[in-house]
Amino acid sequence: MSEQEPSLDSVDEQFFEVTPVALLTCGEFWVAFPVHEIEEITEWRQPSPLPGVDAHISGVLNFRGRALPLLDLAALLNTRASPRGAFQRIVIVNAASMRVGIETERVSRIIDARPDEWHAVEAVQGDRLRAVCVAELRLKEGVVGVLDTALLLELARVR
Amino acid sequence: MAAFLVSEIGPYHVAIEAQHIARILRESELTSELNCLALPTMWRTTTAPEPYVVELLSPEKCCLILGAQTRYLHSQLVPERLPTFLEGLQEQGLLALLLLETETLYLLDPARLFQ
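Protein sequences appear in the order of chains G and V. At the far end of the first sequence sits residue 1514, using the working numbering, and the numbering has no gaps. At the far end of the second sequence sits residue 192, using the working numbering, and the numbering has no gaps.
One or more hints might be untrue.
Here are the computed distance ranges between Cβ atoms for each label pair [unchecked claim]:
id: 1; chain 1: G; residue 1: 1463; chain 2: V; residue 2: 164; range: 19 to 27 Å
id: 2; chain 1: V; residue 1: 164; chain 2: G; residue 2: 1420; range: 54 to 62 Å
id: 3; chain 1: G; residue 1: 1461; chain 2: V; residue 2: 100; range: 38 to 46 Å
id: 4; chain 1: G; residue 1: 1390; chain 2: V; residue 2: 100; range: 49 to 57 Å
id: 5; chain 1: V; residue 1: 80; chain 2: G; residue 2: 1419; range: 34 to 42 Å
id: 6; chain 1: V; residue 1: 103; chain 2: G; residue 2: 1463; range: 50 to 58 Å
id: 7; chain 1: V; residue 1: 103; chain 2: G; residue 2: 1390; range: 30 to 38 Å
id: 8; chain 1: V; residue 1: 79; chain 2: G; residue 2: 1397; range: 28 to 36 Å
id: 9; chain 1: G; residue 1: 1391; chain 2: V; residue 2: 152; range: 54 to 62 Å
id: 10; chain 1: G; residue 1: 1480; chain 2: V; residue 2: 124; range: 41 to 49 Å
Only some residues are given here: those of chain G computed to face chain V with a beta carbon under 8 Å [unchecked claim]:
id: 11; residue: 1393
id: 12; residue: 1403
id: 13; residue: 1422
id: 14; residue: 1452
id: 15; residue: 1453
id: 16; residue: 1454
id: 17; residue: 1455
id: 18; residue: 1476
id: 19; residue: 1478
id: 20; residue: 1481
Far from chain G by the CB rule (all over 10 Å, computed), these chain V residues [said to hold, decoys possible]:
id: 21; residue: 98
id: 22; residue: 129
id: 23; residue: 138
id: 24; residue: 157
id: 25; residue: 181
In short, the hints are calculated from the structure, not lab data. The C-beta atom is built at its ideal place from N, Cα and C for all residues, glycine as well.
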């Protein structure tokens, strides 16, 4: 590891120990959620829109008899490369007492990252995306931002 | 079994508990003494050509302009509180959700809408 290379010590230890993670697309970038915060991955369905909310909140689904708000992560983090409407999956995450469906075009895989694949946030693109990442992984998909789910949902919630 | 008045306001489907409603008016029956709130305008969506207007019991002399396609719903469903992620919507007058098989209805809090 070169002197410029981020050291593992600079990655939040709590998140470094949290493996495995699930990889999914966020617009033109890859992001990851710790799997212990993922409740389920399901097919995308059109939500009922909500009045008076920001564009990153797509609406609400009746998911097995419970209300599930949907979050357009690419809209929130301003990382969309293609028009909205190509979503294929919903990743249901649960953190900080919030249960939210994350809309994504693709879920790639779940991995147990090796220690040498974890790095401090350095190469993640996009200011907003960087702000909600606690670490990054360098994988065959490219640079993957590992998200702080609780922080992300707190930023995105309706106040 | 609860009764609700359901209205489609652009893409949004909302419900008001019938117990809050004093009467249903035509737009032409609106008078200056009524404090009127047009939800399609508030939510920046299309105004139906012949919207329904409901006068509320509380707040008194207040009424809501809704959309067209208004209907009654008698349901045994218990309204579900807004998820934590959406709790801020209560400030805007959305009280709870009614999860039907084919749609999600937003239960309005008439008093909060007029605050």
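Quick one: which hint numbers does this structure break? Sort them smallest to largest. Hint check: 1, 2, 3, 5, 7, 9, 11, 18, 19, 20, 24 and 25 fail, others pass.
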